[in-house]
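K.L.:
The primary structure of each chain is shown beneath.
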Amino acid sequence: MEYILKNGIVYDPANNIAGEKKDVMFKDGKIVENVSSDAKVLDVTDKIVMPAGVDPHAHVAGPKLVVGRLYRPEDSRKGVTHKTDVCRSESGFSIPSCPATGYRYSRMGYTTVTEAAMPPLEAKHTHEEITAIPNLDITPLPLFGNNWFVMQYAKEDKIEELAAFISAWLKLTKGYGIKIVNPCGTEAWGWGMNVHGIDDPAPHWDVTGREVLRALAQANEMLGLPHSIHVHPNDLGHPGNFPTTVNTLDCVKDIEKNSSVRDQTIHLTHAQFHSYAGTSWRDVESGADKVADYINKNKHVTCDIGQITLDETTTMTADGPMEFDLHQLNGLKWANKDIELETGSGIVPFIYSGKAPVSSFQWAVGLELFLLIKDPWQLCLTTDHPHAGPFIRYPRIISWLMSAERRQEMMDNLEVRVWSYKRTGLGTLDREYDFNEIATITRASAARIYGYQDRGELTPGYNADIAVYDLNPNDIDPSKEPAAIEKAFGNAMYTIKNGEILVKDGEVVKVVPSHTLWTDVKGFEEQENAVMEKIMPTFRRFYTVKFENYKVHDHFAPNPIVTEVQAGK
Amino acid sequence: MAYEPPVTDYDEIVENCTCAFCGCNCDDLDYLVKDGHVVGVRHACRLGASKIMEDMDQRLMVPMIRDETGELQEVDWDTALDKAAELIAGAIRPIFYGWSETSIETMKHGIRLGELVGAVLDNQATICHGPSLQAVQNAGYPIATLGEVKNRADMIVYTGSNPMNSHPRHLGRYSTFPRGWFRQRGRFDRTLITMDPKYSDTAKMSDIWIGFEQNGDYGFYNAIRAALKGKKIDQDYVSGIPKEDIMELAEAMKNVQFGALYFGLGLTHTLSKQRNIDMAIEMLTDLNEYTKWVLTPMRGHFNVNGFNIFMAFEMGFPYGVDFCRGYQRYMNGETNTIDLLTRKECDVFMVIAADPGAHYPGGAVKHLAEIPVIQVDIHWGPSTEIADVVLPGSFVGVEAAGTSYRMDGVPIYMKKAIDKPETCRDDEWIMRELLERVQKIKDQEAAVASK
Ligand code: SF4
Ligand SMILES: [Zn+2]
Ligand SMILES: [Zn+2]
Chain A
4 MEYILKNGIV
14 YDPANNIAGE
24 KKDVMFKDGK
34 IVENVSSDAK
44 VLDVTDKIVM
54 PAGVDPHAHV
64 AGPKLVVGRL
74 YRPEDSRKGV
84 THKTDVCRSE
94 SGFSIPSCPA
104 TGYRYSRMGY
114 TTVTEAAMPP
124 LEAKHTHEEI
134 TAIPNLDITP
144 LPLFGNNWFV
154 MQYAKEDKIE
164 ELAAFISAWL
174 KLTKGYGIKI
184 VNPCGTEAWG
194 WGMNVHGIDD
204 PAPHWDVTGR
214 EVLRALAQAN
224 EMLGLPHSIH
234 VHPNDLGHPG
244 NFPTTVNTLD
254 CVKDIEKNSS
264 VRDQTIHLTH
274 AQFHSYAGTS
284 WRDVESGADK
294 VADYINKNKH
304 VTCDIGQITL
314 DETTTMTADG
324 PMEFDLHQLN
334 GLKWANKDIE
344 LETGSGIVPF
354 IYSGKAPVSS
364 FQWAVGLELF
374 LLIKDPWQLC
384 LTTDHPHAGP
394 FIRYPRIISW
404 LMSAERRQEM
414 MDNLEVRVWS
424 YKRTGLGTLD
434 REYDFNEIAT
444 ITRASAARIY
454 GYQDRGELTP
464 GYNADIAVYD
474 LNPNDIDPSK
484 EPAAIEKAFG
494 NAMYTIKNGE
504 ILVKDGEVVK
514 VVPSHTLWTD
524 VKGFEEQENA
534 VMEKIMPTFR
544 RFYTVKFENY
554 KVHDHFAPNP
564 IVTEVQAGK
Chain B
1310 MAYEPPVTDY
1320 DEIVENCTCA
1330 FCGCNCDDLD
1340 YLVKDGHVVG
1350 VRHACRLGAS
1360 KIMEDMDQRL
1370 MVPMIRDETG
1380 ELQEVDWDTA
1390 LDKAAELIAG
1400 AIRPIFYGWS
1410 ETSIETMKHG
1420 IRLGELVGAV
1430 LDNQATICHG
1440 PSLQAVQNAG
1450 YPIATLGEVK
1460 NRADMIVYTG
1470 SNPMNSHPRH
1480 LGRYSTFPRG
1490 WFRQRGRFDR
1500 TLITMDPKYS
1510 DTAKMSDIWI
1520 GFEQNGDYGF
1530 YNAIRAALKG
1540 KKIDQDYVSG
1550 IPKEDIMELA
1560 EAMKNVQFGA
1570 LYFGLGLTHT
1580 LSKQRNIDMA
1590 IEMLTDLNEY
1600 TKWVLTPMRG
1610 HFNVNGFNIF
1620 MAFEMGFPYG
1630 VDFCRGYQRY
1640 MNGETNTIDL
1650 LTRKECDVFM
1660 VIAADPGAHY
1670 PGGAVKHLAE
1680 IPVIQVDIHW
1690 GPSTEIADVV
1700 LPGSFVGVEA
1710 AGTSYRMDGV
1720 PIYMKKAIDK
1730 PETCRDDEWI
1740 MRELLERVQK
1750 IKDQEAAVAS
1760 K
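In order, the protein sequences belong to chains A and B.
In the working numbering, each residue carries its 1-based index in the first sequence increased by 3.
In the working numbering, each residue carries its 1-based index in the second sequence increased by 1309.
Accuracy of the hints is not assured; some may be wrong.
For lysine-lysine, the following DSS-like pairs were computed, each having C-alpha atoms within a straight-line distance of at most 30 angstroms [unchecked claim]:
hint, chain 1, residue 1, chain 2, residue 2
1, B, Lys1760, B, Lys1749
2, A, Lys549, B, Lys1653
3, B, Lys1343, A, Lys86
4, A, Lys554, B, Lys1343
Using C-beta positions, here's what the derived DEER-type ranges look like [said to hold, decoys possible]:
hint, chain 1, residue 1, chain 2, residue 2, range
5, B, Lys1563, A, Ala533, 53 to 61 angstroms
6, B, Gly1642, A, Gly464, 52 to 60 angstroms
7, A, Gly334, B, Glu1553, 28 to 36 angstroms
8, B, Asn1564, A, Asp415, 50 to 58 angstroms
9, B, His1668, A, Arg543, 48 to 56 angstroms
10, A, Asn301, B, Gly1642, 34 to 42 angstroms
11, A, Trp284, B, Glu1522, 30 to 38 angstroms
12, B, Glu1560, A, Pro206, 43 to 51 angstroms
13, B, Lys1760, A, Val44, 31 to 39 angstroms
14, B, Glu1560, A, Arg543, 51 to 59 angstroms
Just a few of them, taken from the derived set where beta-carbon distance is under 10 angstroms, the chain A residues facing chain B [what the hints assert, rightly or not]:
hint, residue
15, Gly95
16, Gln530
17, Phe550
No lab work stands behind these hints: they were computed from the structure.
Glycine residues also receive a C-beta, built at the ideal position from the N, C-alpha and C atoms.
Please model the entire structure based on the sequences and the hints provided.
P.N.:
Here it is, written out as structure tokens:
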């Protein structure tokens, strides 16, 4: 089937196309340069055309999500909708059901999302949910930062063995890259403790976050994985944590990148939660300028923000100790899930309210980072869904970024408290994003950060993953019309995935199965076998499942998109 | 138990099979297979082994339909499936109940069927750990996988549960006896406590037995909480336990390195029901201010947790999910099987690998006898006595592969070891057939209606 999207105004940052009126053509699911005269014409005259959205960090599938849904029916009840001829019924606001997750991303023009925390032992569960989510390609990142084998290799500085372990575990779990959460801190949570900073060793293991980060970064580059290490640093949410963040980024600076498909060697996730100065919640101040300054000066770093959306949400991270702290702070019901030899996690409902000084402060810190980081290719829009807010708020965040006036209005009329400008520099920032920068931080940069070679740009040969928004960029002043911006980005005129129209005029008109993106390292088999043989006795003694039953069998990822990399190349 | 000589006469061993009995989902079983039958099972406890090796007498072998005289008659698969599909398609308030002893793969078709006809999907949680899930929704859910406990725990508490009888390998494989990374001496490195009015088999092997009074659970946990918070306990005895013992116990629980609490139906089915669990969860949360504690409900069937997890990710709610209005609703006391049956709302009942008759209150059973019942199962049981259509399935984890979730949420793919009897079908296949056949009827109805 051939199509021509006619007369749209195209934003395709990867191809340096910033608001040009031009046609986009696709055939058999791929972008092409020419189509025949039989091509079906979709008239999108003067509408915004972009590559479909790519989300680099969200929690959409897996055991944490299910704990959230099991224990928060009050959230599930919020988003219930009737089934339609096309869609199944939906549920949930901050923790939508799997079908709802797919439909809602589709409506925003997104086609690719990273599931940012997959516990290897329960990877099958994550994959079951991925399969239950329609319309999205999903990239799961297995958790490695508190894995006992990893900590041991890091301590002994056995990088090649660690690389072999990672390579084997990506195959076993069908994972895409290396996720690190509060390195050594989540292991400490196994004893109800935490670590502070990157040089505080995990109890019993005598290894530090710095050592784990460096070892995993080196292993990542030894294998030449398409994505860099993906890091949730220590001390999340603590006043005065920005030096930990900067130290985290700096500790891998000397490690040489070994991949041509990405620019960074470390990706910092939900930077907002890691950019605080001061010593306590009494005297807290923004450290966004410090973190942004480091990122501006260092090209080995990319980040996503984790913007607070000012909603009641369900916080969840693999940072177990942080979640218990949060529970002690707000007294709301606490869930926790620790996973043997690998990781942990916690879940707490949270109301980020503009009426609360701390939430207002966090809201402003996130926006500051957006506005202070100069190169949009180093930055992605996220809410760490659902941790800082649900992903359905991305359009609202876009409207804030495009309108200094709207931000000022929120501060002036007390939609957010005074801490938003007294404790941060937000009030002094009048930068406004243009559509091209929005296109970068919502699709192009994320695709580049993950080394995707088939999406995130409208290049011939790439997947025909395209979003059209019902806005004429020459006819709207985003600065003055934030509500119109939010509405348009929340209700795509078209969402096209692999050349199929999934959304038309904000409604899901077609449902297709999701794909699972994972990385298969070639050329490291010998080292892998050697490592597996070595660790098998430990595996048998300390896990509670048999190795044969541990792996993710092929049928758990029925539609895989496998990135093959040659180790070391 | 009498001595049984080991089985030596077998053709092959199938390793690392998963037991389809209790929520321990032991995945280390070896099946000894001869002539396509499992003749021996290694590593399983007696409950697991006896289920796996069950004699074929009780086995449902052929599809059946009840005739006008009230007798079940053998029919071919097409006839049986068409009859079942016709009943389901014509139902106004169908319930699909059970699911806890079949695979997630089967549920995937079942939920689609439920959405199509507006059914209620419910599982055994509705009569067993439902109160636990309600408590979790009130108070929180701090859990850990069984291996965390094996590797770290130095105190294990069982309350309202007698795993030596109900989950025989729980202590041996996971919690108490095995050597863990930080518990190299296994049993010797751990304190085992049973809190139960009964001096159960588990209590007998525990270091400490706390036999609080019947229905004393709530008061007892409350008192521990008070002690943890440094409050004075006014009474000399709480729930029959001297206050000094309570203070001492609270102190001991505070001072472990890693504690694990497992609770069973004893806690959910006494006077204060889910409020007991609320209190236990709150106690555990309090303990985490001092040290590490986790809890896990002792789920009974091997996939009862799986159904709750599956429904939660598909529909946002764990059990008792009602689709009659074209969207999902979950209201305890409103959309659960027992409520619908006792209110006589249900008009077609499909039971998948479960025995409702055995555990339901009288009113519910009475209504069941009055409406069409479809049974999908491998065994002859009380449900068969009231079934109008019988669809013989196959044994997940032995004759059919499939996914299940252990009590702690660890997913396990249970492999197939032998072929099913030729006349039976996989549950997954049966459910898909029903879905397709009902869909066909609905499409025809729609076509007629639009004319
Ligand atoms: S403990 Fe449970 S799962 Fe394990 S063998 Fe016994 S019955 Fe089967
Ligand atoms: Zn995180
Ligand atoms: Zn995250």
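K.L.:
If a hint holds in the structure, say so; if it doesn't, say that too.
P.N.:
Hints and how they fare:
no., hint, in the structure
1, Lys1760/B to Lys1749/B, "holds, 17 angstroms"
2, Lys549/A to Lys1653/B, "violated, 47 angstroms"
3, Lys1343/B to Lys86/A, "violated, 50 angstroms"
4, Lys554/A to Lys1343/B, "holds, 28 angstroms"
5, Lys1563/B to Ala533/A: 53 to 61 angstroms, "violated, 45 angstroms"
6, Gly1642/B to Gly464/A: 52 to 60 angstroms, "holds, 58 angstroms"
7, Gly334/A to Glu1553/B: 28 to 36 angstroms, "holds, 31 angstroms"
8, Asn1564/B to Asp415/A: 50 to 58 angstroms, "holds, 54 angstroms"
9, His1668/B to Arg543/A: 48 to 56 angstroms, "violated, 38 angstroms"
10, Asn301/A to Gly1642/B: 34 to 42 angstroms, "violated, 58 angstroms"
11, Trp284/A to Glu1522/B: 30 to 38 angstroms, "violated, 45 angstroms"
12, Glu1560/B to Pro206/A: 43 to 51 angstroms, "violated, 23 angstroms"
13, Lys1760/B to Val44/A: 31 to 39 angstroms, "holds, 36 angstroms"
14, Glu1560/B to Arg543/A: 51 to 59 angstroms, "violated, 37 angstroms"
15, Gly95, "holds, 5 angstroms"
16, Gln530, "violated, 25 angstroms"
17, Phe550, "holds, 8 angstroms"
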